[in-house]
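Novice: Given next are the chains, with one letter for each unit.
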Amino acid sequence: MPRQFTPKVVTANALLEGDVVYLDPQGHWTRNHAEADLIEDQATADIRLLEAQAQAHEIVGAYLADARKGPKGPEPIHFREAFRTRGPSNYDHGKQEGL
Amino acid sequence: MYAYTDFDRDFLAERNAQFRAQVERRIDGSLTEDEFKPLRLMNGLYLQLHAYMLRVAIPYGTLNGSQMRQLAMIADRWDKGYGHFTTRQNIQYNWPQLRDVPDMLDALAEVGMHAIQTSGNTIRNVTADHFAGAAAEEVTDPRPVAELIRQWSTDHPEFQFLGRKFKIAVTGSDQDRAVTAAHDIGLRLVERDGEIGAMVLVGGGLGRTPMIGKILNDFVALPDLLPYLEAVVAVYNLLGRRDNKYKARIKITVHENGIDEIRRHVDAEFPARKAAFNGADMALLDQIRADFAAPIFEDGQGAFLTHYEHDPVFRSFVDTNTAPHRHEDYVILTVSTKAHGATPGDASSDQMRVLADIAETYAHDELRISHEQNVILPHMPKRHLRAVHAALAKAGLATANVGLISDIIACPGMDYCALATARSIPVAQEIAERFEELKLEHEVGPLKIKISGCINACGHHHVGHIGILGLDRAGVENYQITLGGDGGPDAVIGERAGPGFAYTEVTDAIERLVRAYLDIREDASETFLDTYRRLGAAPFKAALYPEEAKADAA
Ligand code: HEM
Ligand code: SF4
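Line by line, the protein sequences are chains A and H. Each residue of the first sequence is one higher than the last, beginning at 1 in my numbering. Each residue of the second sequence is one higher than the last, beginning at 1001 in my numbering.
It should be emphasised that the hints constitute simulated quantities derived from the structure, not laboratory data. A few of these clues could be false.
What the hints assert, rightly or not - These stretches of chain H come out as covered by chain A in the derived footprint (C-beta under 8 Å, 3 or more residues):
#, stretch
1, 1292–1302
2, 1404–1416
3, 1424–1434
4, 1473–1482
To be verified - With beta-carbon atoms standing in for the labels, derived distance ranges:
#, chain 1, residue 1, chain 2, residue 2, range
5, H, 1418, A, 77, 14 to 20 Å
6, H, 1238, A, 63, 36 to 42 Å
7, A, 78, H, 1009, 16 to 22 Å
8, H, 1549, A, 31, 31 to 37 Å
9, H, 1437, A, 77, 31 to 37 Å
10, H, 1041, A, 63, 15 to 21 Å
C-beta: ideal position from N, C-alpha, C; glycine also.
The whole structure should be built from the sequences, with the hints applied where relevant.
Specialist: This is the structure we're talking about:
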């Protein structure tokens, strides 16, 4: 039996600000995890990662991160990715700022 | 203090102009990230979890008021109004934007500072005791020797392609505040028959495979020091492993070959090295010494003693945060960045300006950053201490906790660091707040807690009396506790206590440990570390894992 594929999002940091970004279904970069494209198979994931890496004028360090469906859109699974959707825990800085 | 020459200034200006062009070319697409990354790292620009980070060097942790004020200006103009002092005696800005970094570097250059990182497998920045030139018990100021080594090793043709990076630390005191035993080479300057020389330790290091340095030679006279170090590095260059990055540090070479074998090689290599030196290095050392000359100290304590006797808050501050100075009318004042609940090492721009003002007004215009993430006024006249205490209190900088349980070293961990496996800052914040609520820390006395957010050990957890290492266990933060570590003169690597704790369990576990210590210590003069050394780990493990202790007893 083939191994169960954990859905993925493509994530990176924005070149100019360093802020965390995600690839959306239209191939644009969004700052919001819930707007990311949730990829359901390995072959598509590989292709989308390559497309992302080709956009080096906009982003840095693209990689695939595990995610799952949520009520408002894709949600992170690992705590590291959850922190990346918010910002640091010691100040109200980063994405959580002003939320 | 070491003053910039025109050569340094021109060099910095040229480097900054180059980097400005490189940033432009990265943004317009002519440089790929693979091409740009090594360039930005060389200029201290890292990519962290949520943003870029700029790491600014503070050589020997020493800076003056106008430099501190400029750091504050940079924090306000291009960051979020604060900076983070690290365990490596740097300041880090956590939120710079790529386009602004060249301007930040120019602003640093205006006050003779930079973010250039020595990188690659060379001899890295040489570090020294943060009380250098001020401590009462010091044999000699270690900074001239450290600077001599830096100048000798920079661009040394033989040592540009070592097996791995190589770090040297120097102390001039038997208190060893430079953690010399955790460096590739640690030098402890000592006096023997009226002559200054160095005890040479080799093979220490933390990180993945922590090791305490071993004594290679208990006295190398100063004129022999550079040729001796050259012999050591040459032997390492030859014997060190290059097949495996994790086995390439000299600590592994020493571990695998044995200290006696290393010594035999070094002694064989030394005469030829010594013959090639002509004494120019000692003339240079004299010149450097002049750059580090002490200020002119003035006598008199004013009303210090009266204030000390009548004001208990002031007295507690003095007792906890000052150390004896070589001049009896002065103290070394450590300003804690660790108000209970604050982020260890963070200072707001307002706080930086207050520190700059105090240094300029009262304390010979000198500040230091310690690897324990505090700010030091190394030459503080006792007669001005009370005014300084009042000014610090207004700025939230008068917390009397230096060396106590809430004076925690914590690396940035997963709140900022891209390499982290767990958070460290909020763990430190919660422990500090807990012991403040309990009003226990002065009763507990000297106790060093050190926290790292991954195996790289930037938080020095191996040498914490209590060390905390944050790990990722199957997608959950998990904290391993080590006990009995010590970064002082008799350095020891802490021992793992047992299974790790969940994020929400750490503070309770630490409280159980500390309460157990209070129960079993002989009296208030026996520190946590002394008690641990007398009784071993068993009673502390029983406190950490009460369920198991119960099961064993049943
Ligand atoms: C590190 C060296 C020193 C510096 C930079 C320095 C600087 C200053 C400054 C800026 C003030 C005015 C602010 C204030 O009232 O607190 C002051 C006040 C004063 N200083 Fe100093 N001072 C130094 C050492 C000394 C020493 C060694 C003495 C005496 C032996 C002294 C005697 C005084 C006196 C009498 C005052 C008047 C106010 C008071 O009693 O606190 N100073 N000093
Ligand atoms: S110890 Fe790990 S988590 Fe902490 S700063 Fe160093 S690399 Fe980052």
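Novice: If a hint holds in the structure, say so; if it doesn't, say that too.
Specialist: Hint check results:
Counting residues of the stretch 1292–1302 of chain H whose CB falls under 8 Å from any CB of chain A gives 0; the rule of at least 3 is not met. For the stretch 1404–1416 of chain H, the stated coverage by chain A is satisfied: 3 residues place a CB nearer than 8 Å to a CB of that chain, which reaches the threshold of 3. Closer than 8 Å: that is the beta-carbon criterion, and the stretch 1424–1434 of chain H has 3 residues meeting it against chain A, so the requirement of 3 holds. Residues of the stretch 1473–1482 of chain H lying with their CB closer than 8 Å to a CB of chain A number 3, which satisfies the three-residue condition for coverage.
A hinted range of 14 to 20 Å holds for the C-beta pair residue 1418/H and residue 77/A, which are about 18 Å apart. For residue 1238/H and residue 63/A, the Cβ-Cβ distance of about 40 Å falls inside the hinted range of 36 to 42 Å, so the restraint holds. In this structure, residue 78/A and residue 1009/H break the distance hint of 16 to 22 Å, their C-beta atoms being roughly 47 Å apart. Between residue 1549/H and residue 31/A the CB atoms are about 50 Å apart, so this pair departs from the stated range of 31 to 37 Å.
Our hint of 31 to 37 Å for residue 1437/H and residue 77/A holds, since their Cβ atoms are close to 35 Å apart. Between residue 1041/H and residue 63/A, the C-beta spacing of about 19 Å keeps the proposed range 15 to 21 Å intact.
In this structure, the earlier hints numbered 1, 7, 8 are contradicted, and the remaining ones agree with it.
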